[in-house]
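Modelling step: build the complete structure from the supplied sequences, incorporating the hints.
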Amino acid sequence: MQLIRQPLTKADDAITACIEPDDALAVSSLLQQAAQSSQKPLSPLASLEVRAVPGCGSGLFATVAYAPGDVLLREWPLIIAPDSLSTVEPFLRKAYDALSVRARLLVMSASRSRTGKDGLVQRFEDNAFSLQSLQSERLTKPYAAFYPRAARLNHSCKPCAAFCISSSTLEISIRAIKSIQTGEEVTISYLSHEKLLQPRFERREAIRAHRRFECICELCQSADAASDARLAQVARSLETIADWHTEELPPLDVIRLIGRVMDLLRTEAQAYGVPSLCIDAMDAAATVGDVALTKAWGSRAMASWSIWEGVDSPACQATQAILQDPASHELWNTYETVL
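Here the sequence shown is numbered in this note's numbering, starting from 936 and rising by one per residue.
If you are wondering where the hints come from, they were derived from the structure by calculation, not from laboratory data.
Quick reminder that beta carbons are idealized off the backbone N, C-alpha and C, glycines included.
Keep in mind that the hints are not guaranteed to be accurate.
As the list claims (entries may be wrong) - Result set (DSS-like, lysine-lysine): computed pairs, CA atoms no more than 27 Å apart in a straight line:
#: 1; residue 1: K1113; residue 2: K1076
#: 2; residue 1: K1130; residue 2: K1113
#: 3; residue 1: K1113; residue 2: K1093
#: 4; residue 1: K1029; residue 2: K1093
As the list claims (entries may be wrong) - Derived DEER-like restraints, expressed as beta-carbon distance ranges:
#: 5; residue 1: P942; residue 2: P989; range: 36 to 42 Å
#: 6; residue 1: V999; residue 2: G1194; range: 34 to 40 Å
#: 7; residue 1: T1269; residue 2: M1043; range: 22 to 28 Å
In structure tokens, the structure reads:
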């Protein structure tokens, strides 16, 4: 194992990574970019405060109102370690021992789901964010990162915020995906949108498997049969949309199906899944070479991704390029060849 410690320019501490030697060069490069990025001012602490939450310990609450797309929180990780239960402990212990006293207190102040297991390992397991998206790009093994303030965000099956981790700087940003009122708890989803957009029983099973707790969010406690029926329809439709190439579903039928799913999500007041669905519709429109339809769905995708990740995000930049030149889409006018 190899320990790397990177001081941050304007942050209070440093990023400490304990990693496999094969990933040392890539992680060192990431941490150097993180240090340069940390010259930007941190999010003001006054806009969020920790409060007690019955059944959840504590959570983060907004002290001001936020509009969709507003950034609530930005920070860099304290610890990076392998995302593997079988190997994490020695890596995590070595990284933890290299932290400052203040950073250790931040780690150990995080909640844990159960007792009887090593407190450090359990807190990392329960609160770290996966860096899985970096694995195929730059890293050979899966890793996770602990962000002390973001770790205080509780899960909801109908969250008001979403997180995004930069693949170049490791900075996590928390953005409002719907209006948030002063005094409202800020929640995110611990599940992918495919697992989140399921009926209550399936969602709760996924949370138990992923985080080992029983979800008591408002949506899960409501036991709304009509909501479960809508979400079951959404889940079936998402499977069809994901496999439309192999199922030989005509692109215009895919777009109509996406429109129906969007209507169901609107009824559910659910923002999750919308950006990806807009991209799917844009892709389907591109396969038949329809400029107007490609631009229409591309504009909707752009609007959604700008709320979720910001206009400078890779998703927005890629979509903007398609809007400027629809024929540059890699699937442009390929419907017959796809089949």
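* Structure versus earlier hints - violations, ascending order -> Failing hints, ascending: 1, 4, 7.
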